[in-house]
Amino acid sequence: MQNNELDLANNPEAKEYTTLNLGPTHPATHGIFQNILTMDGEIIVNAEQTVGYIHRAFEKIAEHRPYYQVTPLTDRLNYCSSPINNMGWHMTVEKLLGVQTPKRVDYLRVIIMELARIADHLVCNSVVGVDIGALTGFTYVFQLRERIYDIFESVCGARLTTNIGRIGGLERDFSNETVKLIKEFLVEFPKVFGEFSNLLERNRIFIDRTVGAGPISAERALNYGFTGPNLRATGVDYDVRVMNPYCSYQDFDFTIPIGKQGDTFDRFMVRQQEMHESIKIIKQAFENLPEGKHFAEVPEFFLPPKEEVYNNMEALIWHFKIVMGEADVPKGEVYHSVEGGNGELGFYLVSDGSRSAYRLHFRRPCFIYYQAYPEMIKGSTISDAIVAMSSMNVIAGELDA
Amino acid sequence: MADINNGYLLQQLQGKFEADIISADEPYGMLTIEFNKNKIVELLSYLYNHNQLQMQFLTDVCGIHYPDNAGKELGVIYHLHSLQNNLRLRIKCFMPNNAPEIDTVSSVFASANWQERETFDFYGIHFTGHPDLRRILNVDEMDYFPLRKEYPLEDQTRTDKDDTYFGR
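Sequences listed follow chains D and S, in order. First residue of the first sequence? That's 4 in the numbering used here, and the numbers climb one at a time after it. First residue of the second sequence? That's 4 in the numbering used here, and the numbers climb one at a time after it.
No wet-lab data here; the hints were simulated from the structure. Please note: incorrect hints may appear among the correct ones.
To be verified - In the EDC-like style, the derived pairs of lysine to aspartate or glutamate whose C-alpha atoms are separated by at most 20 Å in a straight line are: (1) S:K40 to S:E21; (2) S:K152 to D:E66; (3) D:K98 to D:E329; (4) D:K106 to D:D256; (5) D:K63 to S:D71; (6) D:K334 to S:E37; (7) S:K152 to D:E62; (8) D:K381 to D:E191; (9) S:K95 to D:D355; (10) D:K381 to S:D135; (11) D:K63 to S:D146; (12) D:K283 to D:E191; (13) S:K152 to D:D355; (14) D:K98 to S:D28; (15) D:K63 to S:E76; (16) D:K334 to S:D143; (17) D:K98 to S:E29; (18) D:K296 to D:E310; (19) D:K63 to S:D143; (20) D:K63 to S:E153; (21) D:K106 to D:E294; (22) D:K63 to S:E37; (23) D:K334 to S:D71.
As the list claims (entries may be wrong) - Partial pick of chain D residues on the chain S-facing surface, computed with a CB cut under 7 Å: (24) R175; (25) R366; (26) Q374.
Keep in mind the model is a prediction, meaning the values are calculated, not measured. The beta carbon of each residue, even a glycine, is placed where N, CA and C say it ideally should be.
With these hints in hand, go ahead and build the complete structure from the sequences.
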């Protein structure tokens with residue numbers, strides 16, 4: 004409670020506000036961050052955010068680790084779509100080294116990254132449903148997310164924090180099992196996802212609860228550094244995949260869905276449409292998968308296969324050098340960004356030629372756009388604030404680095 | 004109309020801020036300038052309001068520490084993006100260790116608010132005029148700036164810590 008004595012004699016309009024703690028461990032914030040709300044009845048007058056509860060000093064650690072050991076750190080940024088983070092980091096190092104990856108690597112990466120994007124959006128959108136009382140959709144589409152994790156598992160052996168891929172390519176080509184799983188997923192996804200869409204997209208209750216909740220204008224969104232689906236929901240068609248194509252995204256035919264009002268419903272719908280576009284991209288990549296190797300010719304960075312390490316002297320030397328971080332890197336500074344699950348995920352890498360980065364800064368999209376949250380929820384009710392937050396896809400791991 | 008590319012951008016900047024550009028370079032295709040830190044707000048407003056360039060998106064703000072560069076130990080690095088022209092610009096401003104101060108750009112870009120707080124938190128760079136310059140990710144009681152190079156990582160082999168609650 005705020006301790007302000009009401010001076011009603013001089014100011015009959017004076018009000019006493021209630022202070023309410025939302026978080027840090029409130030189940031509806033989906034992560035550990037606190038909002039201290041000032042309430043006038045059930046209307047939010049002001050919000051003060053506290054972040055940093057799970058800060059793990061990634062940027063400091065990255066300055067003391069060889070490049071390969073940074074990949075597991077990126078897993079733990081936006082852990083709903085870690086393959087995008089991993090590959091974004093690998094592409095940053097490839098840009099620094101000037102490595103040209105074969106087309107097959109690009110296409111395989113695109114397939115995995117788009118699967119990760121679907122997994123990310125599925126979680127976010129189904130959780131929007133949960134926060135307004137529709138738990139069924141959430142438990143239902145998590146089956147699909149499970150299928151995606153099965154695919155990741157068959158590619159790299161891990162499910163959530165994947166540490167997938169290598170600098171220069173992927174650790175192994177897709178196996179027959181992986182191909183089979185992806186084919187099954189492409190058949191199963193439209194069916195299950197269609198039911199999920201039917202449940203919410205034109206549901207009167209859902210529309211009433213989300214239209215107009217937590218809106219932001221395009222102008223303010225740009226000023227606040229919004230990127231990803233949250234920016235596109237306001238009507239700005241900025242997508243890193245189209246504007247600065249990386250990983251051969253220029254080869255694929257897809258559209259950028261945009262919204263109009265930048266409210267919770269638009270954010271939800273943009274994500275729904277993006278999942279369709281991702282499926283389109285995966286199908287194209289799958290059908291036109293070029294022949295070739297699944298890695299670029301960079302023996303000083305691409306770990307050799309284990310059988311060779313045991314039986315071939317040269318492979319053993321490379322393996323040792325790579326694991327110990329003894330390979331030479333050029334001096335320089337490079338910024339590379341990818342379209343992550345919730346926005347432009349950027350890596351600013353300064354190299355002084357030593358085994359680890361001199362400075363590595365992660366441009367974490369949700370750290371930048373979450374600061375607009377008080378402005379978005381002022382004047383609305385708590386229930387609107389809750390759905391606005393879940394539709395922004397704020398991931399605590401990425402927020403706090 | 005002239006092509007809007009790095010060359011045009013640099014030409015425009017040199018026309019307006021001839022004396023303030025300390026150096027210009029183009030590593031990996033992104034124009035990078037080192038700039039007089041006292042005029043950073045002026046530069047960003049100029050780029051924001053420029054009819055052709057329209058650099059109205061602040062991608063990133065971060066700090067950097069070069070302990071061996073006397074007089075230029077601490078730096079702030081801005082990444083700007085013109086969404087209209089798809090052109091990026093990197094601006095670096097350096098300042099001495101004993102007077103780490105630079106004007107805030109949060110009046111131009113709302114997104115700079117937390118990014119400058121983060122830079123303050125990790126490098127101790129004071130952003131003059133910032134509306135709410137507090138630590139953001141670290142605890143308020145911390146009395147050092149952890150990303151400066153003189154602060155080492157914790158010794159992994161230290162034994163004086165009580166880890167009972169972590170099962171070690």
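Hint check:
1. S:K40 to S:E21: Holds, at about 14 Å.
2. S:K152 to D:E66: holds, 10 Å
3. D:K98 to D:E329: The hint holds at about 19 Å.
4. D:K106 to D:D256: holds, 16 Å
5. D:K63 to S:D71: Within the cut-off at roughly 19 Å; holds.
6. D:K334 to S:E37: Holds: D:K334 and S:E37 sit about 18 Å apart, inside 20 Å.
7. S:K152 to D:E62: The hint holds at about 12 Å.
8. D:K381 to D:E191: Given pair D:K381, D:E191 is violated - Cα atoms ~41 Å apart, limit 20 Å.
9. S:K95 to D:D355: holds, 17 Å
10. D:K381 to S:D135: holds, 19 Å
11. D:K63 to S:D146: Since the Cα atoms of D:K63 and S:D146 sit roughly 17 Å apart, the hinted pair holds (cutoff 20 Å).
12. D:K283 to D:E191: Roughly 14 Å between the alpha carbons, so the hint for D:K283 and D:E191 holds.
13. S:K152 to D:D355: Cα-Cα ~14 Å, so holds.
14. D:K98 to S:D28: holds, 17 Å
15. D:K63 to S:E76: The given pair, whose Cα atoms are some 18 Å apart, holds under the 20 Å limit.
16. D:K334 to S:D143: Violated, at about 36 Å.
17. D:K98 to S:E29: holds, 14 Å
18. D:K296 to D:E310: Holds, because 18 Å separates the two Cα atoms, which is no more than 20 Å.
19. D:K63 to S:D143: With Cα atoms ~19 Å apart, D:K63 and S:D143 stay inside 20 Å; holds.
20. D:K63 to S:E153: Holds, at roughly 12 Å.
21. D:K106 to D:E294: Holds. D:K106 to D:E294 sits at ~8 Å (cutoff 20 Å).
22. D:K63 to S:E37: Cα-Cα ~24 Å, so violated.
23. D:K334 to S:D71: holds, 17 Å
24. R175: Violated: closest Cβ of chain S sits about 30 Å from D:R175, beyond 7 Å.
25. R366: Holds, because the Cβ-Cβ distance from D:R366 to chain S comes to roughly 4 Å (cut-off 7 Å).
26. Q374: For D:Q374, the interface hint holds, since the closest Cβ of chain S sits about 5 Å away, which is under 7 Å.
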